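Residue numbers (my numbering), protein chains in the order written: chain A, 1 to 161; chain B, 162 to 322.
A hint or two may mislead.
[Claimed, not checked] Sample of chain B residues facing chain A (criterion: CB under 8 angstroms; computed from the structure):
id	residue
1	P177
2	I178
3	I179
4	G202
5	V238
6	A247
7	V317
Hints are computed from structural coordinates only; laboratory data are not their basis.
None of the values given here were measured: they were computed from a predicted structure.
All C-beta atoms, glycine included, are put in the ideal place defined by N, C-alpha and C.
Protein chains: 2
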Amino acid sequence: MVIREFVEQDWSQVWPIIQDVIRAQETFPYDPAMTPDAAYGMWAEAPPGRTVVAADGERVLGTAKMGTNRPGPGAHVSTASFMVAADARGQGVGTALCRDALTWARHQGYAGMQFNAVVESNRSAVDLYRREGFEVVGTVPGAFRHPTLGRVGLHVMYQEF
Amino acid sequence: MVIREFVEQDWSQVWPIIQDVIRAQETFPYDPAMTPDAAYGMWAEAPPGRTVVAADGERVLGTAKMGTNRPGPGAHVSTASFMVAADARGQGVGTALCRDALTWARHQGYAGMQFNAVVESNRSAVDLYRREGFEVVGTVPGAFRHPTLGRVGLHVMYQEF
Chain A
1 MVIREFVEQD
11 WSQVWPIIQD
21 VIRAQETFPY
31 DPAMTPDAAY
41 GMWAEAPPGR
51 TVVAADGERV
61 LGTAKMGTNR
71 PGPGAHVSTA
81 SFMVAADARG
91 QGVGTALCRD
101 ALTWARHQGY
111 AGMQFNAVVE
121 SNRSAVDLYR
131 REGFEVVGTV
141 PGAFRHPTLG
151 RVGLHVMYQE
161 F
Chain B
162 MVIREFVEQD
172 WSQVWPIIQD
182 VIRAQETFPY
192 DPAMTPDAAY
202 GMWAEAPPGR
212 TVVAADGERV
222 LGTAKMGTNR
232 PGPGAHVSTA
242 SFMVAADARG
252 QGVGTALCRD
262 ALTWARHQGY
272 AGMQFNAVVE
282 SNRSAVDLYR
292 REGFEVVGTV
302 PGAFRHPTLG
312 RVGLHVMYQE
322 F
């Protein structure tokens with residue numbers, strides 16, 4: 001598996017990953033009816049942001065986007081989002097994407113990385129981020145409506161570099 | 162003072178308020194070089210969001226925007242932002258705008274209201290929100306670069322209805 005910059009030809013494999021994730025409504029507070037065009041605009045980051053894929057040969061296993069979390073006086077903090085194809089989970093793809101994003105953000109000179117809305121019940125993501133150095137700095141109670149669990153919290157997670 | 166819906170003719174008074182606030186870089190993580198057009202797009206909310214002004218006769222003293230904090234599974238939580246003209250501060254304009262936003266959000270059926278990035282050193286805002294029922298659910302350390310205080314935290318504040 002290699003992590004490389006996203007190119008337009010990857011979209012035919014990246015969009016189904018995004019569509020699966022947003023339709024499930026279990027891990028991202030995104031519009032589940034998002035169109036492919038809107039998703040492309042949201043996921044394919046223009047510089048100074050960056051979008052990558054984790055690929056095994058021709059196959060895209062997962063994808064990440066990263067960039068500045070807030071403009072102006074907040075622009076020293078980065079953020080990132082990760083999605084892994086359903087049948088590629090549990091194999092370290094998310095960890096590899098997270099490490100790649102952290103390396104990139106450090107090299108860009110950011111002071112830290114913030115995740116704004118990590119679904120509390122998404123244990124594999126929360127555990128992964130903790131292993132990679134993030135802490136939960138706060139949880140907005142019930143801010144995410146999970147299809148089977150009902151209202152669960154959204155963690156804000158942060159790591160200073 | 163009345164609080165009423167923002168109309169386009171208010172912009173000549175609203176833009177200077179926004180410009181002052183974002184140029185000061187003390188209270189909002191917004192781009193201080195934001196153009197008037199970008200500011201209009203950011204501040205004048207399309208339905209289901211809403212933008213209001215606090216007016217004393219012809220004079221605009223302050224403004225607020227409010228709407229849904231996150232799409233999809235996060236859409237039951239509202240958010241709002243408030244700005245008051247420098248020479249109208251300390252007179253209850255912010256409190257009136259905050260109460261108006263809370264009333265609106267309750268009537269719209271939201272389950273709560275979240276503020277995503279309240280600058281820790283902005284004591285008058287933090288105290289006002291606390292008085293109106295919000296709690297700090299977490300603070301991202303150093304996430305805001307204040308022009309004189311250096312890096313200060315950004316509070317996430319929340320109120321369940």
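Verification of the supplied hints:
Proximity of B/P177 to chain A is violated relative to the hint, the smallest CB-CB distance being about 18 angstroms (cut-off 8 angstroms). A cut of 8 angstroms between beta carbons decides the hint on B/I178: the least distance to chain A is about 17 angstroms, and the hint is violated. The beta carbon of B/I179 comes no nearer than 13 angstroms to any beta carbon in chain A, farther than 8 angstroms, and the hint placing it at the interface is violated. With a cut of 8 angstroms, the hint placing B/G202 at the interface with chain A is violated, because the nearest CB-to-CB distance is about 14 angstroms.
A distance limit of 8 angstroms between C-beta atoms decides the matter here; for B/V238 the minimum to chain A is near 5 angstroms, and the interface restraint holds. About 18 angstroms separates the beta-carbon of B/A247 from the nearest beta-carbon of chain A, more than 8 angstroms, and the hint is not met. Satisfaction of the interface hint for B/V317 is found here, the shortest Cβ-Cβ separation to chain A being roughly 5 angstroms, below the 8 angstroms cut-off.
Taken one by one, the earlier hints fail for this structure at numbers 1, 2, 3, 4, 6, listed in ascending order.
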